[in-house]
Each structure stands twice: as structure tokens, then as C-alpha cells.
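A.B. asks: For this one, chain S is given, so just place chain L on it according to the hints.
Chains as they are written, first to last, in our numbering: chain S, 1 to 260; chain L, 1 to 351.
Misleading hints may appear alongside valid ones.
[To be verified] Below, computed lysine-lysine pairings styled on BS3-like, alpha-carbon distance capped at 30 Å: (1) L:Lys63 x S:Lys239; (2) S:Lys41 x S:Lys239; (3) L:Lys161 x L:Lys228; (4) S:Lys239 x S:Lys31; (5) S:Lys239 x L:Lys66; (6) S:Lys41 x S:Lys147.
[Stated by the list, open to error] Okay, the calculated beta carbon distance ranges per label pair: (7) L:Pro68 x S:Asn230: 16 to 26 Å; (8) L:Ser255 x S:Val99: 51 to 61 Å; (9) L:His331 x S:Asp232: 32 to 42 Å; (10) S:Asp232 x L:Ala59: 20 to 30 Å.
[Claimed, not checked] If you want the ones that stay clear, here's a sample from chain S, every Cβ over 12 Å from chain L, calculated: (11) Ala115; (12) Asn234; (13) Gly257.
No lab work stands behind these hints: they were computed from the structure. Think of the CB as a built atom: it goes at the ideal place given N, C-alpha and C, for glycine as much as any other residue.
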Amino acid sequence: MATSVESGKIEGDSEAVELLDVADTPSVDYKQISSDGLWTKNAALAQLLGLCPLLAVSGSVVNALGLGLATMLVLTSSNLVVSLIRHQANETIRLPVFVMIIAALTTCVELLMQAFAYELYQILGIFIPLIVTNCIILGRADAFASKNPPLVAALDGFMMGAGFALVLVALGMIREALGLGTLFANMDLLLPFAGNWEITVIHDYSGFLLAILPPGAFIGLGLLIALKNNIDDNRAQRKAAREDAPIAGSKRVRVTGNIS
Amino acid sequence: MKLAKVTSPHLHGNNDTSQVMKLVILATLPGLIALVWFFGWGVLINLLWAWVVALGCEALVVKIRKRPLGYYLNDYSALVTATLIGLALPPLAPWWLTVVGVGFAIIIAKHLYGGLGSNPFNPAAVGYVVLLISFPVEMSSWLPARGVEGAITPGFLDSLKSIFPLFGNVGVDVITQATPLDQLKQRPGLTISEIWLPGSAFGRFAGVGWEWVNIGFLIGGLFLLFRKIIYWQIPVAMLGSLLLMSLIFWGGSGSEGHGSPLFHLLSGATMLCAFFIATDPVTAAASHRGRLIYGAGIGVLIYVIRVWGNYPDAVAFSVLLMNFCAPLIDHYVQPRTYGHSKNDHDKSGDS
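Looking at chain S on its own, in the form it has when it is part of the complex (with noise of 0.2 Å):
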């Protein structure tokens, strides 16, 4: 969360940079597909799509780091081939063009999992195959992959999935916290050296089982709602109290004389 929050921050304050990319787009706003990705226009805060893995398999940090990782390396790449193909999927066949290329992207992810991270994969299960029906890819491929350069669809696709694994593994770390009272637990299924990541975060923990049951997914999801949502409006608040400050000196508009 911590990044994302500082991320919006410089959204707020910044100009628009323009960026002279490929000849086809004449502007490009990195600074503006970064926040919109990881804030502003962020795939389950804002846009509430993927819901389904994002409740599911926010059991745990690892469980959600796994999925995260695995979203984004998905959504990265598909976004880069699907922009590298733009011009020759044209509107009749965009679709299952789109589909066939994220089918291919999550096999490999799937195979890379049952590789080196295997324990891992039969945990996750079915929510590996599953990111092919993501809607956040699909939608990423077809609204703005499609229609823009390679590099710009692939850095659309990194935050987009950047900004969905953020608020997997917030979600994994409040509700495992609540649920078994450890933070990290079990992180070596994801990365070998993280073995003794596990942080007992309340001692003699009995375990609040609904924090783990879906319905814990469903309440810590809406409160990190409500809370971007908050900031979001303290922002706009902030901002339209500095823009309304009346000028000193007078309002009188002149109309004769020299004006220098």
C-alpha cells in the first residue's frame, strides 16, 4: 500500500510530462499510465476487476504474492504482443487473437510454476489457469495494448499488475495477520531464501478463522476501499482549499490606462 499511496501523491502535484515516443503517438505520459495503473485507476480498488482470484487466494501473503507475480507477468507481456500485433489483428478477429496470445502467456507462467515453484502451484491450483479469464488482461489487451506502442503497453501492463499484486499481498497481510496472527509465513514456497521471513505478529494466537474464510476477503477488500476512496477525497479536498484561497489585493479588473 505504502507505494501505492506515495506514487498518487506525485500524480497530484506534477505537470503533464510529454515524451515524444514512436510516430504514431505523438505524446506519452509515463508518469500518468504509472499512477493511473497504481492508484488512480487501480485494477481492484478502482476498477474491481479480477475479484474472483483477488478474494480467493488473498489467504496469505504468499498465496497472493504468487498470484501477483504471476498476473503481472502475464498482463506485462501479453500487453507487449498484443501492441507488437496491432496493426495486423484488425476488428473482425481482435478478440480471439487477444485470448489465444494470454491462453499461450499463462500456460508458460503455469509450466514456470510447476518448475520452480511447485508446492506453490498445487496450492494456488486452479487460479493459475484461471488468469487467462482475468478481466483486467483482457480489457488491458483491447483498450489500451491495441492502440498503443509496444513499450507503453508493456509499461501499462507492468503497473496495471503491479498495482493488482499490491493490493493481493495487502489483503493477503491483513487477512493473515488476523486470521493465524504471522506475517510471511511459509514464504519459501515462493522464493527459496525466504525461509525465515515469518513474523509471529501476536503470540498464543488462537486464529480468527473468518479473516481466512471468504467472508474476511469480502470486509478486508471493501475497508481498502473505503480507505483509498478517503484518501482520494481528503486529496480533492485539500487541493480544491488551496485553489479557492481568494486572492489578496484588488479584485477590480482594470481597464484603462497602461497595463505593463
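C.D. replies: Then chain L, alone, in the frame of chain S:
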């Protein structure tokens, strides 16, 4: 001449919210006395602690929502929620169990949905279900009632110590036992007459103690009916459908029996549900016919979950499931508008 600018209705009863809520709390008294007698002072300590937690949570949320504190605390609705949870908790429930249950009920089930009058689910039932699925061990450790063989009803100080173990775990010798509903359900191959022995947890009609607790709540409920605090439709429909279900699927006292109708009517939280939980006007159906359907649904669900489900008692689950259905019931069962005849219904479109 000075005319008061108020809209109708111009006749006011003195049944405002706080008055109603106070009467509801008062009406739990007979049941509470029976509970305290059979299960010890822990029930009362739980209840008082639940009140403290409820007022604290209510004050906290009202403060955060920037609403007038006194106005909201004076409507007693938080106390009713706390009373219902406090009465439903096991007699020696640890203090944090009450905090989690009541806190969840007040903060999440009531105020996050908009506060009193806007909550789609009964806060007390939500709080209880949260506890039941999160802490099954703590929630099922009931004491055997006074009068059951081997039962020790702890005194006031012992109850206090085991609810608030401030100085480490002070050992209080108590035996916990499955409730009669649980025992009737978990009897591998035994007939009902084999487990219904003198000195066992079963008394005259239902569990020892439980029958009197239920009769106590029945008396309180009749008082509420008499004072016209609650409508008769929900309790009558609920108890009626539970009676009907338990008559149809009774099965006698053999190994296939599911308990007599009287056993089901006087066990667990049946009466507490019928008069105090299901009758919550906010979360129930709004029309008279709708209330009949709503109550009957709760009764059927209680029996289905008790007999064929995984939980020994099912009051909170049934109430929540029917809370889900209440808007649907209200949509299909709309009362006739005053001044229209029954036949107008088809002809008049949406005017």
C-alpha cells in the same frame, strides 16, 4: 392564531425507539433469570460486559461519523443487540469473545451499513455467526445446567475470574458439556430413550434448564405481544412452521428419531429467536403477509439445519438467511393500498 407546522401523523404514542428498546430489554428478564439460575452468574457478567462493549463501540463509531453522541446512545438499540449476544454466549465465555462479537455486530453489521434502520442483517445474528464460525471451541463449551448429574454451577467470583483472567489463568473447576441439542444429534446408533435417562442432560420435555429458559423467553415474548411492541405474525409463523416440521419428521423415540416437537420448541434459542431476534423490525419483512412468510421460513430453516445440517442450533443462520430474503418477500407480497379493491390490482398499471 398560531398553527404548528408539523406533518401527519398528528397523534403520537409514547412508543419511541428508546421506549421500545427498553421494553425489549426488560422482557428478556424472565429468560435471563432462568439462565442465571441454571448456568450461574457468568451469564449476567457476560451481559453487563456486552453492554459496556456495545456502548463503547457505538460511541466510537458515532464519534467517527460526526453524529450527535447523546442522541444515538439514548436510543438503546446498541444495548438490545448487546443483550441478545450476551444471552446467547456460553456462560463462561472469555471476555475477548464478547468484544469480538459485539464489536463486529455494532461496527460492521450495523454502522458500516448506515446505522440503525439501514442495516439489512440483524446485527446480533451477524455477531453471533462470526463468533460461531471463528471460535467453534469456545462457542460450544456450555456448562451442564444445574440439576444435571455432575454439574457444578460456578459462583459469582469464580465466573468473574474465568471470564476475565487478569492474574493469569485462575483454575476454576468446571465441566463443560455438549448442549442437549448437540447430544441428541451426536448419538451414534443410540435411540432417544437410551440417552434420555434420569440424571442426563434431558429433563421433562427438553434439556434440563433449557426448557425453563425457553419458557422464560416465551413469557417475556408474550409481554411484548401484549404491549404491541412486536407483531404476532413472525413468532406465530416461526413456531408454527417449526412445530409442523418437527411433527412431520418426528420419527418417534427410536434411533431414527429427531426429537419431539416440544423438544424443538423448548430447546436452544427457539423462543429467544421467535420473540426477540426474528422480530427485529428493521431486518424483517414489512407487510403482515410478508411477516408470515418470513417467520415460517425461519422456522423451516431452523429445523432443517438442526436435523440435517452441521450445527446443533441454527437460529442465527436461519435469521440471516431470511434477512436476505426479506426484500424479495416485500417485493412480491405488497399490501393492498388503502382505498383500492383487490381487483384493481390487475387493471391499474403502474400509476
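A.B. asks: Run every hint past the structure and note whether it holds.
C.D. replies: Here is what the structure says about each hint:
Using a Cα cut-off of 30 Å, the hinted pair L:Lys63 and S:Lys239 holds, with the two alpha carbons roughly 26 Å apart. Between the alpha carbons of S:Lys41 and S:Lys239 the distance comes to roughly 19 Å, so the proposed pair stays at or under 30 Å and holds. Of the pairs offered as hints, the one joining L:Lys161 and L:Lys228 is violated, with about 41 Å between alpha carbons and a cut-off of 30 Å exceeded. Between the alpha carbons of S:Lys239 and S:Lys31 the distance comes to roughly 19 Å, so the proposed pair stays at or under 30 Å and holds.
Taken as a hint, the S:Lys239 and L:Lys66 pair is honoured in the structure, with Cα atoms around 23 Å apart against an allowance of 30 Å. Distance check on the hinted pair: S:Lys41 and S:Lys147 sit about 18 Å apart at the alpha-carbon level, within 30 Å; holds. A beta carbon spacing of about 22 Å between L:Pro68 and S:Asn230 agrees with the range 16 to 26 Å that was offered as a hint. In this structure the hint that L:Ser255 and S:Val99 lie 51 to 61 Å apart at CB holds, the actual value being about 57 Å.
Between L:His331 and S:Asp232 the beta carbons are some 35 Å apart, a value that agrees with the proposed interval 32 to 42 Å. With their beta carbons about 28 Å apart, S:Asp232 and L:Ala59 fall inside the hinted range of 20 to 30 Å. With a minimum CB-CB distance of about 38 Å to chain L, S:Ala115 clears the 12 Å threshold, and the non-interface call stands. The non-interface label for S:Asn234 is consistent with chain L: the shortest C-beta to C-beta separation is roughly 15 Å, beyond 12 Å.
With a least CB separation of 51 Å from chain L, S:Gly257 remains clear of the 12 Å interface cut-off, as annotated.
In summary, the structure is inconsistent with hint 3 from the numbered list given earlier, while agreeing with all the others.
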